[in-house]
Amino acid sequence: MSDLINVKVTVNGMAYEREVEPRMLLVDFIRHELGLTGTHVGCEHGVCGTCTILFDGSPVRSCLLFAVQAVGHEIRTIEGLGTIDHLHPVQEAFREAHGAQCGFCTPGMIMSVLPFLEENQDPTEQEIREAIDGNLCRCTGYQHIIQAVELASDKLAEQRQSVKEGR
Amino acid sequence: METKYFGKRIQRNEDPRILTGQALFVDDVELPDMLHATFLRSDYPHARINSIDISAALARPGVIAVYTAKDMGDYWKPGPLLVPAPTAIPGVVFNKRTQVPMAREEIRHQGEPIAVVIAKSRYIAEDALADIVADLEPLDPVVDVEKALEPGSPLVYNDLGTNLASHVQQENGNYAAAAAQADVVIKAHIVIDRGIAGAMENRGLVVQWDPKSQHLTVWATTQAPIALRNGLSGILGLSESQVRVIAPFVGGGFGPKIMVFQPEEVVLTWASMKLGLPIKYIEDRQENFLAMTQERNQIHDAEIALTKDGKILGVKDVFVQDTGAFNSYALTVPLNTQTHTTGPYKVPNYYSEFRVAFTDRILVTPVRGAGRPYGVFVMERLMDLAAKKLGLDPTEIRRRNYLQPEEFPYRTGIIGQDFAKNILDSGNYPATLDKALEMIEYEQFIKEEQPKLRAQGKHVGIGVVTFTEGTGVGPYEGGRVTVEASGKVSVATGVGTQGQGHYTSFAQVVAEQLGVPVEDVRVVTGDTDQFHWGAGTFASRGATVAGNAIHAAASLVRAKILKLASKTLQVPEEDLVLENSEIHSATHPTTCIPLGELAVKANPSRGAVEPGAEPGLEATAYYGPPYGATAGGTVAMIVEVDTELMRVEIKRYVIAHDCGTVINPLIVDGQIHGGVSLGVGNSFFEKLVYDENGQLMNGTFMDYLIPRATDMPYIEIGHLSTPSPLNPLGIKGVGEAGAIPTPAAFAQAVENALADYNLEVREIPLSPNRLFELLEESKTS
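Sequences listed follow chains A and B, in order.
Each step along the first sequence adds one to the number in this note's numbering, with nothing skipped, and position 157 is 1062.
Each step along the second sequence adds one to the number in this note's numbering, with nothing skipped, and position 141 is 142.
Derived by calculation from the structure, the hints in this document are not laboratory data.
Owing to the predicted nature of the structure, the values given are computational and were not obtained by experimental measurement.
Idealized CB from N, CA, C, for every residue including glycine.
Taking lysine-lysine pairs in the DSBU-like style, the calculated list, with each CA pair at most 30 Å apart, reads:
#1 B/Lys390 x B/Lys459
#2 A/Lys913 x B/Lys121
#3 B/Lys9 x A/Lys1060
To list a few chain B residues with every Cβ distance to chain A over 12 Å, as calculated:
#4 Ala131
#5 Tyr158
#6 His168
#7 Arg245
#8 Arg412
#9 Leu565
#10 Ser779
Computed footprint of chain A on chain B; a stretch qualifies when at least three of its residues, placed anywhere within it, have a C-beta under 8 Å from a C-beta of chain A:
#11 27-40
#12 497-508
#13 708-717
With the rest of the complex left out, here is chain A:
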């Protein structure tokens, strides 16, 4: 067995430090070392997008990275958004539009949608389809997810407007 390596990483604004094997996948680190089990594992070969997290703000598949590659980086997972009582606007939109069925792909889907909506504040249906094309979902046929993203973009626009007006 290999020597353990010290991994210091910031996840959802909290600093964590663990000693892990160099071969430990980032997704296993997040799930089983940090106990943040909202990030799911769907294929372990980088296709399904279920394990998508934000890595310094960019969506990446955490099953294709080792934990040691995250040393010194900032990670954001689904747990870093809203809470059960105070959902993030994107989460609210997913609820209102019935964007989740079994919910297994949902955290990865939302982590792909977040940076997309920062870049594209008023996306078309086709742009949304392309944005979530790297996240597989077997339950929804994507239709309610797409509607959720449209709704989320409206909610975020409202939020920006109220910030601007100082409300």
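Could you slot chain B onto chain A? The hints should help.
Then chain B, alone, in the frame of chain A:
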């Protein structure tokens, strides 16, 4: 009837947990001292096991145990038959060969487990797999379903002397006589290939034997928690009360998670009891391709006999299906094919015969649609060929043959998956056709748009098919409804949930009866300690069967509430209103009592009660349908084929659907969308490719393509409602609706788009490669 919650597009109770990453899935269960298991799986589809040397694996630091079938001693035995053979059908042949815990002498499919490693981490367990030396002697594999039934084929089971697993013949009327009188008889050879369920969550299991309390807890990604508990306790020699099975949030089911007593479940519960420690097993995606059950390879020789004006006189369908290496799930899939072929049509004479063959592939069990789509595919292809031959519009030939709304209940005379002669309870198929044609603007498309686009050199086509969906079969489900002292309501039922929104739709049913907000109704599904009677989530039966059971329980609780409130408030029951979590008099609204307070009164802590009194505002009820409720609908689809790249784009997808009374239209729409996406996958890309040696060639999501967001059309849904007369709520299931008609509509639309090539689609799926080949063939023929 005016309703407050029932039938409304209500947001789901479970979503806040799902959307924040707080929903518990099996792989999220962490226990102290938990071990991790991985299985060594055979690379060969068919081989004899000479020896397995586990000594190096055992010597690896961190490995706790390694077991093979031989270590299991007398505990090793083939599993039970999960679904009985349909002995109600005269002359049925059924050779039972059920799944075994691990291969012992002979391996019968690629991916079959031959050893298990239990270690301190999954990483170590996977390392140790490479330490095991298995001396396997490859045998000739049985791969092709038709060749499997030819004389001289290698055998999956030598002792059986044949690869024939089943043979079933059913006839209603007399097809041969009908064909003799027909003006036209049309024949077609139709091939349907294998595919996966492809839930995003692979299978998973955490087993915890606690030696001190003598209790086994199992968290499983199962659609049938109660069946799993009952079976496991029997296999392990425990009382049912010593075993608790929890199906927590499950990341998609789609059929195969109904399979119970799979090797992993049987081996790891035994191992946990042996080691006295909890064990986790999480399947990876490759294993999911190799070891999770799949669906069907069917090859049909079908024919239809008609009069010259397009009236069906009879249909004959003779097909073979592979069941893989085992037939634990008996004949549900081919029986569904058999019962759904004639679908919405009046077919006075119907002959159907199938043979099922053992092959060296993973076993076949239902996947969303469960045999129904292929019956529909065969029938709809026959109808299209007949329309062409007779010069009729495809919609017209269908219209001439529909069962009419006044003809229900309609007896088809064919025995189905519930072993009773199939009865269609109700429906209005012509109305679904009218609705779909109106939505897709059929006349306008074929008279104006299509000629215009064709003139521009575009290959656009339209497909319109009608289908039925047998749903909500027995035996029964149950539910318990309890009003708590807080005024909130708890509900427990035995079915499991894999994303269908039961936490919400069942809450709506109860909220309607008891006058409480939907979010105050907490539903528990899939925990055998909460409710331990039931069959499981399959055949689109959750809302229909469990929904009606819960409705019955809520009605009983409502009666108890009215009785006690009437006594407490001194108001006649007829004058009482249940709303906003309180009971008040309609005439004197200030005379009222909060529901929670009444619940406390119903459960006194001291004093005397009337003889025969039951404590609490609680009731349990069951519902079992006499037979399944049949949903149905019509799909209309417009496609454009790019004849250079052979890409097919679905330009419009319309479904006019009738699933009776709807509890929550938002959830029903989602169910239809999801079904359509599976149907689209089955139409285009989803094919498990095996080479002649029985090796799966595309066992990853890189090679086996399931629909992505850019592959899916926008789905337009039109709702119709013909309530089922079978159950008090009038519900029919909807889970498989989208999956069933899509391949048939796709085939018709592609054929129509390529009308100038004289191409006939007689197979599914149609990948761009395959479509190219067919187009080339049509040019030379």
